[in-house]
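Asker: One-letter residues, chain by chain:
There are 2 protein chains.
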Amino acid sequence: MNKVNINQKLALFEEHWNPKIVGELNGQHVKLAKLKGEFVWHTHDKEDELFYVISGNLKIEFKDHTVNLGPNEFIIIPRGVEHKPVAKDEVSVMLFEPASTVNTGNTKSNFTKEDLETL
Amino acid sequence: MNKVNINQKLALFEEHWNPKIVGELNGQHVKLAKLKGEFVWHTHDKEDELFYVISGNLKIEFKDHTVNLGPNEFIIIPRGVEHKPVAKDEVSVMLFEPASTVNTGNTKSNFTKEDLETL
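If you're matching them up, the sequences are chains A and B in order.
In terms of the working numbering, the first sequence is residues 1 to 119.
In terms of the working numbering, the second sequence is residues 1001 to 1119.
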């Protein structure tokens, strides 16, 4: 049973939009990701998704409004709600979501990552 | 769909060992708690539990070793593993765990909190 140091794990990778698994509990994954630029619009039909910002500023666009998140802020996006993350500058986030979650949900694209690395 | 600012939520309460619910997703709760002093030894028979340290230094004692956690570090305690959190000075933590989780697990004590407040 080892502790996980978020900053040590974030130092292990540089690529954007490719979440890394850093913990698993109760069928859920804890993931870390670095984001920069605009992601794709997508929906998760069966999974609620939590974005927790470690560093930087993240914009989550919804069809009718936008939420801006800074460090130590999180948002829970309920299943079925279409959203698009946008990071003008690099953002580091922690994600908490069911192990079944695919990053682009129901939208297949070049951003889709099916087999995530565990750090 | 509102964001949650951790520091704003932590400013809303002072008591120790009384987790507050700040989010719910996929049958899991996100909780915030302030800890100070020694908790009771306990086990969660059916729930894995995640402690993420926001501020301060938290010691988690296990029967055969101890883990020290600082800010931006977390540990996942698998179900069935006896543990005791100890905070020499005040610590603020975020918890991820199933909505069914009782803070003292299988150990009823004065620390037991059955109906948690949602902030």
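For the record, the hints were derived by calculation from the structure and aren't laboratory data.
Every residue, glycine too, gets a C-beta built ideally from N, C-alpha and C.
One or more hints might be untrue.
[What the hints assert, rightly or not] Among chain B residues calculated to face chain A with C-beta under 8 Å, some are:
(1) 1001
(2) 1003
(3) 1004
(4) 1005
(5) 1021
(6) 1023
(7) 1028
(8) 1045
(9) 1047
(10) 1050
(11) 1066
(12) 1067
(13) 1092
(14) 1096
(15) 1102
[As the list claims (entries may be wrong)] Label-pair ranges, simulated between beta-carbon atoms:
(16) 68(A) <-> 1068(B): 33 to 43 Å
(17) 1001(B) <-> 40(A): 37 to 47 Å
(18) 1112(B) <-> 15(A): 22 to 32 Å
(19) 1110(B) <-> 114(A): 41 to 51 Å
(20) 1078(B) <-> 80(A): 38 to 48 Å
(21) 89(A) <-> 1110(B): 26 to 36 Å
(22) 117(A) <-> 1071(B): 39 to 49 Å
(23) 46(A) <-> 1038(B): 18 to 28 Å
(24) 21(A) <-> 1001(B): 24 to 34 Å
(25) 43(A) <-> 1021(B): 22 to 32 Å
(26) 7(A) <-> 1012(B): 21 to 31 Å
Asker: All the hints need checking, so say for each whether the structure fits it.
Answerer: These are the hints, each one checked on the structure:
{"no.": "1", "hint": "1001", "in the structure": "holds, 7 Å"}
{"no.": "2", "hint": "1003", "in the structure": "holds, 5 Å"}
{"no.": "3", "hint": "1004", "in the structure": "holds, 5 Å"}
{"no.": "4", "hint": "1005", "in the structure": "holds, 5 Å"}
{"no.": "5", "hint": "1021", "in the structure": "violated, 12 Å"}
{"no.": "6", "hint": "1023", "in the structure": "holds, 5 Å"}
{"no.": "7", "hint": "1028", "in the structure": "holds, 6 Å"}
{"no.": "8", "hint": "1045", "in the structure": "violated, 13 Å"}
{"no.": "9", "hint": "1047", "in the structure": "holds, 7 Å"}
{"no.": "10", "hint": "1050", "in the structure": "holds, 6 Å"}
{"no.": "11", "hint": "1066", "in the structure": "violated, 11 Å"}
{"no.": "12", "hint": "1067", "in the structure": "holds, 5 Å"}
{"no.": "13", "hint": "1092", "in the structure": "violated, 10 Å"}
{"no.": "14", "hint": "1096", "in the structure": "holds, 6 Å"}
{"no.": "15", "hint": "1102", "in the structure": "violated, 15 Å"}
{"no.": "16", "hint": "68(A) <-> 1068(B): 33 to 43 Å", "in the structure": "holds, 34 Å"}
{"no.": "17", "hint": "1001(B) <-> 40(A): 37 to 47 Å", "in the structure": "violated, 19 Å"}
{"no.": "18", "hint": "1112(B) <-> 15(A): 22 to 32 Å", "in the structure": "violated, 45 Å"}
{"no.": "19", "hint": "1110(B) <-> 114(A): 41 to 51 Å", "in the structure": "holds, 49 Å"}
{"no.": "20", "hint": "1078(B) <-> 80(A): 38 to 48 Å", "in the structure": "violated, 31 Å"}
{"no.": "21", "hint": "89(A) <-> 1110(B): 26 to 36 Å", "in the structure": "violated, 48 Å"}
{"no.": "22", "hint": "117(A) <-> 1071(B): 39 to 49 Å", "in the structure": "violated, 25 Å"}
{"no.": "23", "hint": "46(A) <-> 1038(B): 18 to 28 Å", "in the structure": "violated, 41 Å"}
{"no.": "24", "hint": "21(A) <-> 1001(B): 24 to 34 Å", "in the structure": "holds, 26 Å"}
{"no.": "25", "hint": "43(A) <-> 1021(B): 22 to 32 Å", "in the structure": "holds, 26 Å"}
{"no.": "26", "hint": "7(A) <-> 1012(B): 21 to 31 Å", "in the structure": "holds, 28 Å"}
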